[in-house]
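J.: Listed below are the residues making up each chain.
Number of protein chains: 2
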Amino acid sequence: MPIITDQDIDDLAVGAALLGTGGGGDPYIGKLLAKAAIEEYGPVELLALEDVPDGVAVVACGAMGAPTILIEKIPSGDEIGLSLDAYEDHTGGKAGAIIPFEAGGINSMIPIALAARRRLPVIDADGMGRAFPQLEMETFHVYGVPASPVAIADEQGNRVLIETNDAAKAEWYARGVTIRMGGQSYIVNYGMNGRTAKRVSVPATMSLAIGIGRTLREAAAGHRDPVSALVDFFAGTHYGHAEVIASGKIVDVARKEENGWSVGVATVEPFDPARPTVKIRIQNENLIAEEDAGRVLAIVPDLITVLDLDTAEAITTERLRYGQRVNVLAVRVPPIMRTPEALAVFGPAAFGLKQPYSPLGHGDD
Amino acid sequence: MPIITDQDIDDLAVGAALLGTGGGGDPYIGKLLAKAAIEEYGPVELLALEDVPDGVAVVACGAMGAPTILIEKIPSGDEIGLSLDAYEDHTGGKAGAIIPFEAGGINSMIPIALAARRRLPVIDADGMGRAFPQLEMETFHVYGVPASPVAIADEQGNRVLIETNDAAKAEWYARGVTIRMGGQSYIVNYGMNGRTAKRVSVPATMSLAIGIGRTLREAAAGHRDPVSALVDFFAGTHYGHAEVIASGKIVDVARKEENGWSVGVATVEPFDPARPTVKIRIQNENLIAEEDAGRVLAIVPDLITVLDLDTAEAITTERLRYGQRVNVLAVRVPPIMRTPEALAVFGPAAFGLKQPYSPLGHGDD
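Quick note, the sequences are listed as chains A and R, same order. Each residue of the first sequence is one higher than the one before, counting from 1 in full-length UniProt numbering. Each residue of the second sequence is one higher than the one before, counting from 1 in full-length UniProt numbering.
By construction, these hints were calculated from the structure, which means they are not laboratory data. The reader is advised that the hints may include incorrect statements.
Just so you know, same-sequence chains aren't split out, so a pair can sit in one copy or run between any two.
[Claimed, not checked] Taking lysine to aspartate or glutamate pairs in the DMTMM-like style, the calculated list, with each CA pair at most 25 Å apart, reads:
#1 Lys249 to Glu313
#2 Lys169 to Glu155
#3 Lys249 to Glu269
#4 Lys249 to Glu155
#5 Lys169 to Glu88
#6 Lys73 to Asp166
#7 Lys35 to Asp85
#8 Lys169 to Glu72
#9 Lys169 to Asp89
#10 Lys279 to Glu257
#11 Lys256 to Glu72
#12 Lys169 to Asp85
#13 Lys35 to Asp89
#14 Lys198 to Glu40
Chain A extracted, bound-state conformation (with noise of 0.2 Å):
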C-alpha cells in the first residue's frame, strides 16, 4: 500500500488547488501541517478506496471557515485531532480510517495531518471530487450517509456537537458555531463503515491531486506545454475530459463578501480578437464560464478553474488580478457526481443558477 511521500504533498498542494476551482483555500498552510505531522509522527498511507475493509470505521473530515482566516490563525495540526476526540467520545467508537470530505483546496492536507497524528490510513477518495461552500455538498451526503454528528472543535479545545437529520441543518448550524468560533473550524462528521464507502464516495482524488501536481512538474522539467499535459492526464482517468475553454487577459474582477460568500465576476479577454469575451461567476468557487453572448462553456459541478499562463498553477479567486495572462481550464466531474441525485445537491440550481447542468464535452463519455 503507498505512502505518502514529501514529494507526493508538494504534487497534492499543486494539484489540490486547482481541484479547488478558485475555492477551497490554498493548500500552502495545509501542505505545511501535513509535512509536520508525517515528519513527527510517521508516514501516512494512501488506501485505495476499493481496497478499504468493508467493516472500518470511516469517518471524513477537514476544515471549515474563510481561508483568508486560516493566515491570521494559523494552525498547529491538533485541532482536527480535538475535533476526532469529540466525534469517538460522542459515538464511543474508534476510527480506523480517514477520508477527505473534500479533496480541492486545503481541506486535501487536513486529513493527511490528522491520519499521521493517529497512525490511520487516508482514503484515496473524497465526497466533492473538487471544493464546494458547504457541508451537504458531498457525495457523501448524495447516497445517503447521515452529515451527524458532526464534531467541531476550535485551536482551544471548545468543542461542538451537533445531531440532526438534516443534512442541510448540519450545515448551517455548524457554520454558525465556526463563525462564533472565530471563523474557522475543526469538523469530524460523516462516519461510515468501508463497504459504504466504497459506495458514496467519489474514488481516487487524492492521487488525481497528486497526478496533477506531478503532470505540471514534470512538464516543467520536460519543456512540455503544462495545460495541453494537465488535458492529457485528465483523458486517462476517470473524470475523462477536459480542455481550454478560454486563453486570454483577465480585464475585470468584480468581487463583493455577501451573506460570508465571495461572491463576484472575472472577466476574460481573449487572446485571439475573433473569439468573445467569457465572464465567470464567483462563489467562493468558480460557478460557470459563459461568453458575452449567454453560450454556456461550463458549469458548476464540472470544474473552472483559472491557470497562470505559463506555468498552469491555479489562481485562487481571490488572487485573480487584472492583467493576469490565463487559460481557463475546464474540467468534466465523473458520472457519480453527475446523478440527478448529485445534481440537486451540487448543480446549477443549489447554487441559484438557471441554466441547467451540461456535462462539459458531452456525447464522448
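With chain A fixed as given, assemble chain R onto it according to the hints.
T.: Coordinates of chain R only, in the frame set by chain A:
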C-alpha cells in the same frame, strides 16, 4: 414534600413575571405548558434546596431565545425533554432532580413541564434569583459549576452539544445555535450533584415567586393595597428589602433592537410634581433606575420591576406604553448574589454600566 398545585402555577406566573424585571419572557405560555404536562403526567414535587440529597444528579434547564418568538413558535412541551435526552445521552448519566436556571419569566415554568414528564422533583431554587439575559449569569457559574456540557434542542429534534471550559463561550455558541434554530431553543446544562446545588443556588426562589403571586391574589381579595402587601411580603423573605422607588406615569419609551438585545429607556414622570423624573435603562431587563440629576435609585443585580398601579402586576419592557400609570418596585437581591464574585458576573459593569453596585436600602440587612 409539597406538590405544586394548579393555584401555585397561577401564582408562580404572576411572581415570575415580577422576578423577570421587565424581561425573561411572559410566563403565560409557560404556564400552559406546565399545566398541560402536570395534567398528562401527574403532579410535580417542589423540593426545598436543603432537602436535596447530596448525591442526586441535578441539571439546570430553561429556554433560550427571544420571548417574542416563543409566541410564534409555541412549544409542545417535548422540546425540553429532547434537550435532557441529549444531555443524558452525552454524559451517560440520568438526572435525579431539575433546577430552573432562571426563576424569572417563562423559565420558571419550563422546569416544571420537564419534571412532570420525567417524574422528577423541581428544586425550589435557581441560578439567577431573577431574570438575566445570558447563560453565564448564574450563581452556578459564579461559584464554580462548569456551564458545559450544554445540550440544546429545538422543536424538530435537532440537537447540539457544547463543550468548553469558558462559560461565556458556552453562552456565545449556544446563542449562535439558537439564532440558527429560528430564535428559540431549549437548554439543559450546569450538571452538578445535590451537595453542590445547595452551595451554589439562590434558595427558595420558586416559592418566592409563588408567594408573590399569592400575596397579590390575597391583596386583591382583601381589598388591600397590592404594592404595600408586596413590600411587606419581601420583608419576610431572604431578599429582605423592597421599596417603591417611583410612582407615576410613563411619559416616554424609547426602544430599539441592538445586537440582538432589546435596548431602551423608559421615563416615569412622578405623580408628585416635587419629585424628579426617573429614567429606567433597559437591556432586555430593567438595569438601572436613576433620577434626572443622576442619583441612582436602584441598579442591577437588584430587581427593578414596573408594576401596574392598580393591580401591581408586572409590565414587561415590550408592553411598556406611554400613559401607563405605574409603581416602580425595586427589590434587593439576597447576599449570595451580592458577593464580589457574583457582581463580577452580573453586576453593573457586566452590562456596561459605569455606576457601582450599591445594595438597595443598604445598611439595613
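J.: Quick one: Lys198 to Glu40, C-alpha cut-off 25 Å, is that within a copy, between copies, both, or neither?
T.: neither (30 Å within a copy, 49 Å between copies)
J.: Give the relationship of Lys249 and Glu269 under a CA distance limit of 25 Å: within one copy only, between copies only, both, or neither.
T.: Within one copy only: 5 Å inside a chain, 70 Å across chains, cut-off 25 Å.
J.: As a check of your reading, is Lys35 near Asp89 (CA-CA no more than 25 Å) within one copy, between copies, both or neither?
T.: neither (27 Å within a copy, 38 Å between copies)
J.: When no copy is named, should Lys73 and Asp166 be tagged within, between, both, or neither for a Cα gap of at most 25 Å?
T.: between (30 Å within a copy, 19 Å between copies)
J.: One pair to classify: Lys35 and Asp85, alpha carbons no more than 25 Å apart. Within, between, both, or neither?
T.: within (22 Å within a copy, 42 Å between copies)
J.: State whether the alpha carbon distance between Lys169 and Glu155 is at most 25 Å within one copy, between copies, both, or neither.
T.: Answer is both: 24 Å inside a copy and 14 Å across each meet the 25 Å cutoff.
J.: When Cα atoms must be at most 25 Å apart, do Lys169 and Asp89 count as within-copy, between-copy, both, or neither?
T.: both (22 Å within a copy, 21 Å between copies)
J.: Cα distance capped at 25 Å. Does Lys169 pair with Glu88 within a copy, between copies, both, or neither?
T.: So Lys169 and Glu88 pass the 25 Å test inside a copy (21 Å) and across (22 Å) alike.
J.: 25 Å Cα cut-off: does Lys279 pair with Glu257 within a copy, between copies, both or neither?
T.: Answer is within; shortest intra-copy Cα gap is 19 Å, inter-copy 41 Å.
J.: Have a look at Lys169 and Glu72 and pick one of within, between, both or neither, based on CA distance no larger than 25 Å.
T.: between (28 Å within a copy, 20 Å between copies)
J.: If the cut is 25 Å between Cα atoms, do Lys169 and Asp85 qualify within a copy, between copies, both or neither?
T.: both (23 Å within a copy, 20 Å between copies)
J.: Between Lys256 and Glu72, at a C-alpha cutoff of 25 Å, which is it: within one copy, between copies, both, or neither?
T.: Classified as within; 20 Å inside a copy, 35 Å across copies.
The structure shown violates the earlier hints numbered 4, 13 and 14.
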